[in-house]
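Colleague: Residue strings, one per chain:
2 protein chains.
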Amino acid sequence: MQEEGIDVLLITDPANMNYLSGYDAWTFYVGQMLIVMVDEQEPIWIGRDQDINGARLTTWMSKTHIIPCPEAYYHAETTSPMVFIADFLHQHGQSSRTIGVEMDTYYFTASAYQFLKEKMPHTTFKNAGALVNWVRLIKSEQEIEYMKRAATLVEKAMTTGVEMIEPGVRANEVAAEIYYTLINGTKEYGGDYPAGVPLLPSGEDTTALHLTWSDRQYKADDYTILKLAGCYHRYHSPLSRTVTIGETSDEIKETAAVCEEGLHEALEAVKPGTTCEEIESAWYKKIESRGTVKDSYLGYSIGANYPPDWGGHTANLRKGDRTMLQPNMTFHMIPRLWIGQLGVEMSETFRVTETGYETLTDYERKLFVK
Amino acid sequence: MQEEGIDVLLITDPANMNYLSGYDAWTFYVGQMLIVMVDEQEPIWIGRDQDINGARLTTWMSKTHIIPCPEAYYHAETTSPMVFIADFLHQHGQSSRTIGVEMDTYYFTASAYQFLKEKMPHTTFKNAGALVNWVRLIKSEQEIEYMKRAATLVEKAMTTGVEMIEPGVRANEVAAEIYYTLINGTKEYGGDYPAGVPLLPSGEDTTALHLTWSDRQYKADDYTILKLAGCYHRYHSPLSRTVTIGETSDEIKETAAVCEEGLHEALEAVKPGTTCEEIESAWYKKIESRGTVKDSYLGYSIGANYPPDWGGHTANLRKGDRTMLQPNMTFHMIPRLWIGQLGVEMSETFRVTETGYETLTDYERKLFVK
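Same order as they appear, the protein sequences are chains Y and H. Everything in the first sequence is counted per full-length UniProt numbering, starting at 1 for the first residue and increasing by one. Everything in the second sequence is counted per full-length UniProt numbering, starting at 1 for the first residue and increasing by one.
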């Protein structure tokens, strides 16, 4: 905050709130903020009156720093929780300082910002961007442990999905079993809800990357990509595999082999000091010689998150991103190769180690032919 | 749009996009818009390049109206899909017109609006608010049918939850079975993902309304509120019930009885021509005589939605809301009574009929004592 010239930081991103305070509840659908002042030890949570018990139970913060915003500010056209928050900042002598806001966070709406500016006309607002997200880029050992647990969950769910997909089975039945597996967890621990739903398109839906399931039955010669994430205490480990029902063309098999080789090559390039774009470049050089069309977006940082996205919104494995890898950064590497309208996808979640990489997910890398 | 003086409407709310175009995909985590021009028959979809197949497959729109926004606009600090959309509007002669934006929609961020304004400095922007949400308030017979299917799913899931909750069972195991039931569906149809996760707090978490599950085991004398929604083709029917493990105090039993009577009384007040606040008033008058503290927010309109909220963001059953009930409006009525820190909750999803009401959910209204 000091480097950015920000005195007061208003945190809207639920994952950033969680990281700084421990707060964890399904309340991000209404206005709330975690307020961090550069010269105060403890942040302030302001949220809906009915949700303060949730803040008391899940954060490390003292009761005096958990402030209820009255119900009348919610679901109203002419006011907003942001009005209450602006008044609070005024009353606590913060309105003449530089206030950072997360301008591109899902739950910081255009309206929220407008209410803040109207109520604090003399305040300097500054876009804090993904300031806290960047702090979260390097994981602690505890965070890595959470991600390993999430990885165990997604491996189990992938096995469930691959085993269940057969002609005559409806996609929603597979999604139901996958959800069951992700959340039921292991004997030692349960699973949390992932920030995105399992994707497992069937038939022509496979040509679209983000269609959710339907109750269409899988058919002989169908083709699907399972894109799932395990989640433990909000920490995610995603995993993707491609599944064909019945024998498939040599072209698809060959493309899957190229994808696997490229994934391996890119992982082998991972070590501290290498840049994100160099990883993408290693992937590209490997597949380029095989003449296959490619996407330029090989992956993204990964960790704690809330719906609608498990991606970290910081470092990306793609051309132009010169973020230097450091130990305990974690990424989801998700190469995809296209054959006409069909994509072949195969991914791993990994962490950067002192000398290279460690995949957190450990699942056979191949095209699954059912 | 004509009444509001809006020439061009930029739709960000995924449920509004779905209602107008059929578009249905998990892509609302990146910038996209449905553009409705007051003098054009067909809207325009602009979204991420890799997602245009999803638009082609799920919308009724012609290919020429599905416009890919290049990948370079995404996950970038210095640009945004809104820059591409602004350029598109310029090129199509729309920038001198009045453009409506959904200012308080989750996925219309402060940054998105700023990019639009910067790129279109001479354009008049107007807050369209919940314009399309209000159009969606009265449901078609098809929509009611979808909600009835969602209601069947949530009844099954509630039965699963009530049956499973026992001492020694972990909350995540119950959540896993509930998810399975919601999505596995019936022989005739499968279930969709609900816009909010099942809530089933245990122990002291029950004092907070929106904590999600943990892997804590239910204990003897525990207490929980199951708040679930079934979802079919994005249409929701929510349902809440309170469950105690083992015999509970007479005070809790009495409060549950009052809650049930109040719910019944409020439903009986439902008919076309009555206002939303009159329904809340019927509830309040009934419980007032019983000396129980109450919340002022008795419910909300309900229908199609996407994460993070299944509520309609239009009419609310509360004081001050004079929206007049009309046939085929649908609501989730969710009374809650507090005994100290503990809440008793019992809800129904209903539609307004020509003469009164019809509950879509049909589940025994009582305190479930396990």
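Just so you know, the hints here were simulated from the structure itself, not pulled from any lab data. Incorrect hints may appear among the rest.
You can't tell identical chains apart in this list, so a pair holds if it fits in one copy or across any two.
Below 30 Å or equal to it, Euclidean Cα-Cα: the simulated DSS-like pairs (lysine-lysine) are [what the hints assert, rightly or not]:
1. 156 - 271
2. 148 - 117
3. 148 - 219
4. 219 - 187
5. 119 - 319
Colleague: Does each hint fit the structure? Answer for all of them.
Modeller: Hint check results:
{"no.": "1", "hint": "156 - 271", "in the structure": "within (28 Å within a copy, 50 Å between copies)"}
{"no.": "2", "hint": "148 - 117", "in the structure": "neither (43 Å within a copy, 44 Å between copies)"}
{"no.": "3", "hint": "148 - 219", "in the structure": "between (34 Å within a copy, 29 Å between copies)"}
{"no.": "4", "hint": "219 - 187", "in the structure": "between (35 Å within a copy, 18 Å between copies)"}
{"no.": "5", "hint": "119 - 319", "in the structure": "between (42 Å within a copy, 26 Å between copies)"}
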